[in-house]
Structure formats: structure tokens, C-alpha cells
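**Student:** One-letter residues, chain by chain:
Number of protein chains: 2
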Amino acid sequence: MSALRIGLLGHGTVGSAFAALLADRAQRVEELTGRRPEISGILTRGTGDFEAILEGSDLIVELINGVDDAHRYVRQSIEAGRDVVTANKQLLSRHGEELWELARQRGVQLGFEAAVAGVVPVIRVLRESLAATEIERVHGIVNGTTNLILSEMTRTSCSYEDALAEAQRLGFAESNPSDDVGGADAAAKMAILARLAFDVPVRIDDVRYEGIEKITAGDIANARELGLVLKLIGTAERLADGISVRVHPAFLNAAHPLASVNGSFNAVTVESAAITEITMSGPGAGGIQTASAVLGDVVAAISPARANGQTLVGPVSRAVELPIVADVQSAFYLHVEVADRPGVLAAITQKIGEQGASIKSVVQRGLGENAQLVMVIHPMLESRLAQAVEQIGEFDFIRSPPRAIRVIDEEFE
Amino acid sequence: MSALRIGLLGHGTVGSAFAALLADRAQRVEELTGRRPEISGILTRGTGDFEAILEGSDLIVELINGVDDAHRYVRQSIEAGRDVVTANKQLLSRHGEELWELARQRGVQLGFEAAVAGVVPVIRVLRESLAATEIERVHGIVNGTTNLILSEMTRTSCSYEDALAEAQRLGFAESNPSDDVGGADAAAKMAILARLAFDVPVRIDDVRYEGIEKITAGDIANARELGLVLKLIGTAERLADGISVRVHPAFLNAAHPLASVNGSFNAVTVESAAITEITMSGPGAGGIQTASAVLGDVVAAISPARANGQTLVGPVSRAVELPIVADVQSAFYLHVEVADRPGVLAAITQKIGEQGASIKSVVQRGLGENAQLVMVIHPMLESRLAQAVEQIGEFDFIRSPPRAIRVIDEEFE
Numbered sequence: 001m002s003a004l005r006i007g008l009l010g011h012g013t014v015g016s017a018f019a020a021l022l023a024d025r026a027q028r029v030e031e032l033t034g035r036r037p038e039i040s041g042i043l044t045r046g047t048g049d050f051e052a053i054l055e056g057s058d059l060i061v062e063l064i065n066g067v068d069d070a071h072r073y074v075r076q077s078i079e080a081g082r083d084v085v086t087a088n089k090q091l092l093s094r095h096g097e098e099l100w101e102l103a104r105q106r107g108v109q110l111g112f113e114a115a116v117a118g119v120v121p122v123i124r125v126l127r128e129s130l131a132a133t134e135i136e137r138v139h140g141i142v143n144g145t146t147n148l149i150l151s152e153m154t155r156t157s158c159s160y161e162d163a164l165a166e167a168q169r170l171g172f173a174e175s176n177p178s179d180d181v182g183g184a185d186a187a188a189k190m191a192i193l194a195r196l197a198f199d200v201p202v203r204i205d206d207v208r209y210e211g212i213e214k215i216t217a218g219d220i221a222n223a224r225e226l227g228l229v230l231k232l233i234g235t236a237e238r239l240a241d242g243i244s245v246r247v248h249p250a251f252l253n254a255a256h257p258l259a260s261v262n263g264s265f266n267a268v269t270v271e272s273a274a275i276t277e278i279t280m281s282g283p284g285a286g287g288i289q290t291a292s293a294v295l296g297d298v299v300a301a302i303s304p305a306r307a308n309g310q311t312l313v314g315p316v317s318r319a320v321e322l323p324i325v326a327d328v329q330s331a332f333y334l335h336v337e338v339a340d341r342p343g344v345l346a347a348i349t350q351k352i353g354e355q356g357a358s359i360k361s362v363v364q365r366g367l368g369e370n371a372q373l374v375m376v377i378h379p380m381l382e383s384r385l386a387q388a389v390e391q392i393g394e395f396d397f398i399r400s401p402p403r404a405i406r407v408i409d410e411e412f413e
Numbered sequence: 001m002s003a004l005r006i007g008l009l010g011h012g013t014v015g016s017a018f019a020a021l022l023a024d025r026a027q028r029v030e031e032l033t034g035r036r037p038e039i040s041g042i043l044t045r046g047t048g049d050f051e052a053i054l055e056g057s058d059l060i061v062e063l064i065n066g067v068d069d070a071h072r073y074v075r076q077s078i079e080a081g082r083d084v085v086t087a088n089k090q091l092l093s094r095h096g097e098e099l100w101e102l103a104r105q106r107g108v109q110l111g112f113e114a115a116v117a118g119v120v121p122v123i124r125v126l127r128e129s130l131a132a133t134e135i136e137r138v139h140g141i142v143n144g145t146t147n148l149i150l151s152e153m154t155r156t157s158c159s160y161e162d163a164l165a166e167a168q169r170l171g172f173a174e175s176n177p178s179d180d181v182g183g184a185d186a187a188a189k190m191a192i193l194a195r196l197a198f199d200v201p202v203r204i205d206d207v208r209y210e211g212i213e214k215i216t217a218g219d220i221a222n223a224r225e226l227g228l229v230l231k232l233i234g235t236a237e238r239l240a241d242g243i244s245v246r247v248h249p250a251f252l253n254a255a256h257p258l259a260s261v262n263g264s265f266n267a268v269t270v271e272s273a274a275i276t277e278i279t280m281s282g283p284g285a286g287g288i289q290t291a292s293a294v295l296g297d298v299v300a301a302i303s304p305a306r307a308n309g310q311t312l313v314g315p316v317s318r319a320v321e322l323p324i325v326a327d328v329q330s331a332f333y334l335h336v337e338v339a340d341r342p343g344v345l346a347a348i349t350q351k352i353g354e355q356g357a358s359i360k361s362v363v364q365r366g367l368g369e370n371a372q373l374v375m376v377i378h379p380m381l382e383s384r385l386a387q388a389v390e391q392i393g394e395f396d397f398i399r400s401p402p403r404a405i406r407v408i409d410e411e412f413e
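If you read the protein sequences in the order shown, they are chains H and P. Heads up: the first sequence begins at 1 in this note's numbering, then just goes up one per residue. Heads up: the second sequence begins at 1 in this note's numbering, then just goes up one per residue.
No lab work stands behind these hints, which were simulated from the structure alone. Be aware that a few hints might be false.
Claimed, not checked - Among chain P residues calculated to face chain H with C-beta under 8 Å, some are:
#, residue
1, L21
2, R25
3, R28
4, V29
5, V120
6, V125
7, A132
8, G182
9, M280
10, V363
What the hints assert, rightly or not - Cβ-to-Cβ under 8 Å is the rule here; a few derived chain P residues that face chain H:
#, residue
11, G34
12, S129
13, E136
14, G287
15, Q289
16, A300
17, V325
18, S358
19, I359
20, V362
No residue lacks a Cβ here, since even glycine has one placed at the ideal position from N, Cα and C.
My request is simple: use the sequences and hints to build the entire structure.
**Tutor:** Set out below in C-alpha cells:
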């Protein structure tokens with residue numbers, strides 16, 4: 001059979017790792033698919049002509065940063081009838097519906113395993129193994145950079161700034177890390193997972209997200225005494241009145257399975273009545289690991305079972321609408337610095353009580369003008385917690401703005 | 001499009017759960033595949049005629065116990081051009097090569113996700129996501145019954161017999177549990193995983209296995225003091241001179257990721273230079289969970305991408321032979337009851353030293369005629385450990401046969 005000519009867009013860490021892996025595994029790919037793969041053209045920021053590369057290729061691998069150029073290239077590739085494999089989560093979380101639909105019309109494959117959780121096969125499992133399953137919740141750790149930073153802060157009690165610098169030194173955080181540490185990267189991935197899990201369009205604008213930039217060594221130390229570990233958690237879940245998709249720092253009980261996922265590893269749990277739960281974990285980043293996920297998609301796209309215009313390109317949509325729910329219940333950790341006068345705790349408790357919630361546990365530290373209260377609050381609506389925090393912040397005994405962080409504790413949720 | 005007529009062989013726990021799940025998810029399967037599924041015939045031990053069911057079906061789901069009837073039915077179904085989905089690990093670990101080849105010739109799908117680790121998608125990940133990856137090792141917990149028994153023995157310090165009775169009471173162990181507790185079930189699963197991981201035929205006869213019937217509450221209690229947890233571990237790994245596939249009880253360091261997999265859950269880790277490692281875990285047994293894995297295979301078999309005679313039926317084979325290695329290195333826990341006389345430890349140490357190994361740690365308990373020595377021995381060939389144990393057993397100061405159990409401690413392996 002003919003060679004498989006691959007046009008490679010992008011030649012950074014993942015792009016060059018993919019080229020090397022492909023050379024190493026070419027024989028194996030030929031055994032599996034009957035076609036020997038070769039890189040027929042490479043587009044980098046400075047070199048290569050996209051139109052010429054497209055013309056000379058059978059399949060396009062898109063590994064560039066940013067959305068606009070990638071959108072144009074992927075769109076044009078699909079329109080030209082090329083199978084496409086991409087690792088671009090921002091692209092799919094913005095233009096996925098359009099691209100999946102276009103791929104369906106043109107009968108080409110659009111692979112995107114590498115866009116979420118690197119080589120952890122969560123996309124394939126949702127699209128194929130669990131396609132017929134009514135999924136209740138997908139949640140986990142989907143950003144390796146922030147998990148590395150939080151792991152380092154937990155392990156060494158260092159500051160956020162020092163942990164970020166260390167991650168940058170190790171090559172796990174970019175010089176401009178805002179997409180990772182601000183939560184946008186994880187939000188894009190959760191939009192894609194929610195799209196597959198619930199069969200409704202979910203875009204990054206539907207995802208509420210917070211990052212880890214404001215987390216302090218003090219937050220982590222305070223919570224350790226309560227047996228809690230901090231992670232950046234992405235959640236996509238079915239609620240009574242719709243779905244919620246969100247990313248935020250959260251304290252987990254130290255015995256929670258996700259609490260022991262450390263370093264740059266990712267882990268995703270899928271829950272459903274029919275399967276109980278499946279958890280998948282592994283490296284969420286890294287050139288060679290992401291390149292392996294891309295290669296898996298390339299092989300799948302050209303396997304005899306699929307290379308005939310009959311495709312498994314994308315998510316289907318359901319007839320029933322599922323609205324996006326913005327305000328959900330959560331337990332909370334609340335840290336307040338107070339001047340310790342009679343009635344302080346009663347006043348705080350009352351404000352929380354007025355919002356319909358109660359306090360699970362309180363630890364007081366220090367005395368006099370610089371006392372600290374660390375509380376865990378039973379589940380309440382996020383909007384009502386925000387109201388309580390605002391009112392508490394107005395008390396004259398408050399010494400600094402209260403700090404609220406969500407707690408995931410299956411025990412009482 | 002036409003209905004999808006499913007012939008169901010077997011109507012036990014999994015078979016009846018599958019029929020119920022299919023009825024519940026029929027609409028969704030139709031959305032995904034364009035065909036509405038229905039059960040067109042059921043074969044049970046007492047009722048139904050196989051030939052008539054085959055004639056009236058488009059796809060056969062085989063969920064019966066035992067090998068011989070299942071072999072005949074599956075063979076005949078493939079020959080008649082029917083796609084087949086089976087959960088029968090014993091069948092595939094004995095006749096897989098023949099059936100995969102037959103399916104390839106006839107251009108039909110043969111799905112077997114449910115044969116290993118229930119709904120944990122390890123088969124799909126090995127066959128598809130990692131098809132082009134050079135895999136070094138697959139290992140994990142692939143039998144839920146034994147994991148439940150060992151978890152119970154660890155949690156309550158009860159005897160093997162009491163834990164087995166409890167598992168039987170809960171419906172997690174059969175009245176004749178020998179396939180599970182003797183290791184044959186896990187061995188069949190590891191044969192299938194090794195077949196997919198290494199692209200060479202592996203049959204259950206190639207798998208060396210031991211069960212958990214001889215494990216005592218004392219073994220578990222002794223090891224706990226050393227920070228070790230007992231699991232039944234299946235391993236398929238590439239060695240310098242071939243591959244080793246084996247199942248045996250093993251002590252794990254309490255911090256090992258598999259040490260915290262409890263109850264009837266399964267967990268499998270796949271290792272390779274290109275992916276580092278991926279771990280998948282979830283329920284390894286249970287009617288509805290296994291039925292979910294079967295349904296995933298049914299959907300995959302009839303998806304438009306595949307339902308055209310171009311198949312992804314089975315493992316390919318490699319040109320290079322990989323011999324099965326029978327004798328591998330392992331660290332060991334060794335428990336001996338001795339009359340405590342001068343020179344006892346020196347004599348034991350010398351026998352182990354003569355076999356080329358050394359002792360990592362020793363704990364002595366008791367004194368006089370009923371002392372106990374609990375040792376951890378650095379990695380050595382299993383055959384040489386067996387020689388040392390035989391020689392140690394002949395010393396006149398030995399009070400009962402020495403007990404040796406493998407230890408998996410990545411720290412010094």
C-alpha cells in the first residue's frame with residue numbers, strides 16, 4: 001500500500017517528539033495499518049508553506065500554540081478531505097462543534113486524545129467504551145503544571161512563587177504560565193470532557209474557573225491540620241436541573257483517591273450508575289507522552305476499520321437540552337483573621353446560618369488582636385457563601401479579607 | 001435502518017444484567033449506531049436452540065460459563081459471519097489465536113473488553129490507544145474476588161476461610177471458588193493482556209500462577225509490621241531474554257499505588273518508555289458493570305466506522321519470537337519458626353548467601369523453642385530461592401515448613 005504522508009504543523013516540544021517517535025515506530029505503524037508513515041512537510045513559525053504542506057499530505061497533525069491560525073489550518077485541512085489529529089484544547093473548546101460537524105460532513109477523522117490529559121486515554125474511553133453509558137460525573141486533575149506546583153507547595157511548604165519558579169526551571173511551566181495557573185487550560189479540557197460525557201455543546205465560556213495564583217503556603221499549612229490536601233479540580237456533573245462544568249482549587253480529604261496524585265500526573269474519574277466508577281491516571285504533559293497520544297490517534301485514523309469515509313468523528317447530540325447550571329453547592333474552608341473579642345465566632349456563625357448553612361469544625365489560633373479562625377462549612381450554594389463572606393468581611397473585628405476555598409469531602413457531600 | 005438482533009448465550013448474573021441494560025439504553029444505542037438493538041433469542045442451560053438463535057441474530061453475545069460449549073458456539077457464530085462479543089477469559093486464553101484468526105478471515109468483530117477487569121477499559125486501550133507503543137510491562141490486580149478476600153483479611157485480621165465465607169455471602173465468590181482463589185482466573189486474564197501487549201501468542205499454559213488459599217492471618221500480620229500489604233498480582237513483562245507472565249500473591253510497600261486498591265476493584269498499570277505509565281482502575285466484577293463493558297463492545301462492533309467488513313478484530317503478531325521466561329528475579333518475604341539456638345540466623349543467612357542473595361531486614365519474635373524469624377530478602381531468582389528454602393527446611397532447628405512470599409518493592413527492584 002501507499003505511504004502515509006503526514007503534514008506536521010508545529011515543531012516545538014511535542015512536534016519534535018512526535019517526529020522522533022514516528023520515525024522510531026514507523027515499522028510498527030505499517031504492521032498495524034498497512035501504510036508506512038512519513039513526515040511530508042513541517043510548518044514552523046518561520047518556515048514552511050501551509051498550502052504546499054496540505055497538498056502533499058494525507059493526514060495533518062496540528063501541534064501549534066494559539067487558536068486562530070490553528071482554526072484556519074484545521075478547517076482547511078478537513079475541507080480538503082484530510083484526516084486531522086490535534087492536541088489543541090483551546091481550539092476544540094471554542095470551535096469544536098463547527099469542526100466536528102465539518103469532519104462528519106466530509107467523512108474524515110478528527111482525533112483529539114492528546115488535547116486532554118496527555119496519554120491518559122480519557123477521550124477514547126468516553127467516545128467509545130462509555131458511548132452508551134449515562135454518565136453522572138467526570139472529575140479530576142487535568143493540568144499537570146498546577147498539580148506539580150501544588151505538590152511542591154505541599155511537600156516543601158514553599159510559597160506559590162517559589163514553586164512556580166521551580167516548575168519553570170524543570171520545564172513544566174512556561175515563561176508566561178497564565179493559561180495553566182489561571183485555570184483556562186483546565187477549563188478548556190473540562191469543556192471537551194463535558195461535551196463528550198453529556199452530549200450537549202459545551203464551550204469554554206460555559207465553564208466557570210479559578211486558578212491557583214492566590215493560594216498561599218498558609219492555606220496549605222492550615223488545611224493540613226484538618227487532614228486536607230489542596231488540588232486544582234475540574235468537575236463536569238449532571239445535576240437535577242442541568243449540568244455544571246467548573247474548575248477551582250479544592251481541598252480533598254487526604255484519603256481521597258485524587259489526593260495522592262502528585263507531580264505532573266493527571267487523573268480523571270468517570271462515574272455512572274452502570275459502571276460505578278473508572279479512574280485513569282498517568283502523565284498529563286511531557287513531549288514524548290503527548291506525542292504517544294497523537295500517534296495513537298494517527299493509527300486509529302488510518303486503521304482499515306476507519307479509512308473508508310465511514311467515521312467516528314465526533315460527539316453526537318441529544319434531543320433534550322441540558323442547561324448549564326452556574327451556582328452549585330459546595331463545602332467550604334474559610335479562613336478569617338480577627339481581633340479576638342467576645343461574640344466574634346457567634347457573629348460569623350450567624351452570617352453563615354442566615355445563608356442556610358452551618359459550621360462543621362473550627363480551629364482557633366492565636367489570641368488578642370491577631371487571632372485566626374479556620375473553619376470548614378457544610379455544603380451550601382456558592383452564591384450564598386459569597387454573600388456570607390461579603391458580610392463577614394464588613395465586621396469591624398476583621399483584620400484581612402476572609403479566604404474561602406472549596407472542600408470536596410465525599411463523606412458529607 | 002434495520003434493527004440489530006442480538007442472540008444472547010447465557011442468562012446468569014451478567015446475562016440478565018446485560019438484557020436489562022440493553023433495554024434501558026436502546027434509544028442511545030440507536031442514536032450512536034443508527035440501529036435499534038433487541039434481544040432476538042436467549043440460550044440458557046435448559047432452554048433455547050443455538051442454531052435457531054444464530055439464524056435469527058445479527059450479533060452474538062456469549063456469556064456462558066465453561067470453555068467447550070462456548071468455543072463451539074463462538075466458532076460457529078464467526079463462521080456464520082456474525083459479530084461476537086464475549087466475556088469469556090478462559091475461552092480466549094485457550095482458543096484466542098484460532099478465534100481471532102477466524103474473525104479476521106471472515107471480516108467480523110470479536111469484542112472481549114469484558115473478559116479482563118470488567119468495565120476497566122484495559123483491552124481497548126491496549127488494542128487501540130497503545131497499539132503502536134512498545135510496552136515494557138503490564139501489571140496489576142485483575143481478580144476482584146481475591147482482592148476482596150485479602151482486603152477483608154487485612155482490615156479485620158480474620159482468617160482466609162472466614163474472609164472467603166464473607167465474600168460468598170456477599171455474592172462476590174462462587175460456591176466453588178477455586179478458579180478465583182487458585183489464580184486460574186487471573187492467569188487467563190494475564191495471558192490475554194500479555195498477548196495484546198507483546199504481540200506474541202500467549203496461552204494460559206504459558207502463565208505460572210499461584211493462588212491465595214495458603215495465605216494466613218499470620219502472614220498478613222507479620223508483614224504489616226514491615227509496612228507491607230498483600231495483594232494477588234498479575235505481571236506480564238518484557239525481560240532481556242523474552243517475556244514473563246505470572247500471577248502470585250505479593251507483598252507491596254504500603255505506599256505502592258496498587259496497595260490502596262481495595263474490595264472487589266481491579267487496577268492495571270501499563271508501562272512504557274514513551275508513556276511512562278498509565279493506570280486504570282474500577283470495578284472488576286459485578287453484573288451491571290460487566291454488562292456495561294459488553295454493551296460498549298456491542299456499540300463498537302456495529303458503529304458505522306466498523307460495520308463494513310473492515311475490522312479491528314484482533315492482535316497482530318510480530319516477526320521476532322519472544323520466548324516465555326519461566327524463572328525470574330523477585331524479592332522475598334521469608335517466615336521461619338525455629339528453636340532459638342546460637343548460630344540459627346547465621347545458618348539461614350549462609351544458605352541464602354550460597355544462592356547469591358542477601359537479607360535486607362530481619363525481625364525476631366519470641367524466644368527459646370518457639371522463636372519466629374521474619375525476613376525480607378533482596379531480589380534473587382525464584383528457582384534459587386526455592387533451593388535455599390528446601391535446604392533451610394532440613395535444618396533440625398526448624399519447627400515448621402518455611403513460608404516464602406514474593407515482595408514487590410520498587411524501591412530496591
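**Student:** So, for every hint listed, does it hold in this structure?
**Tutor:** Against the structure, the hints come out as follows:
1. L21: 6 Å, holds
2. R25: 5 Å, holds
3. R28: Result: holds, 5 Å to nearest chain H Cβ.
4. V29: Because about 5 Å separates V29 (chain P) from the closest Cβ in chain H, which is inside the 8 Å limit, the hint holds.
5. V120: 6 Å, holds
6. V125: 5 Å, holds
7. A132: For A132 (chain P), the interface hint holds, since the closest Cβ of chain H sits about 5 Å away, which is under 8 Å.
8. G182: 26 Å, violated
9. M280: Cβ of M280 (chain P) sits 5 Å from chain H, so the hint holds.
10. V363: 28 Å, violated
11. G34: For G34 (chain P), the interface hint is violated, since the closest Cβ of chain H sits about 11 Å away, which is over 8 Å.
12. S129: 4 Å, holds
13. E136: 13 Å, violated
14. G287: Status violated, d = 10 Å.
15. Q289: 6 Å, holds
16. A300: 6 Å, holds
17. V325: 23 Å, violated
18. S358: 32 Å, violated
19. I359: 31 Å, violated
20. V362: Hint violated; V362 (chain P) Cβ to chain H Cβ min 31 Å, cut 8 Å.
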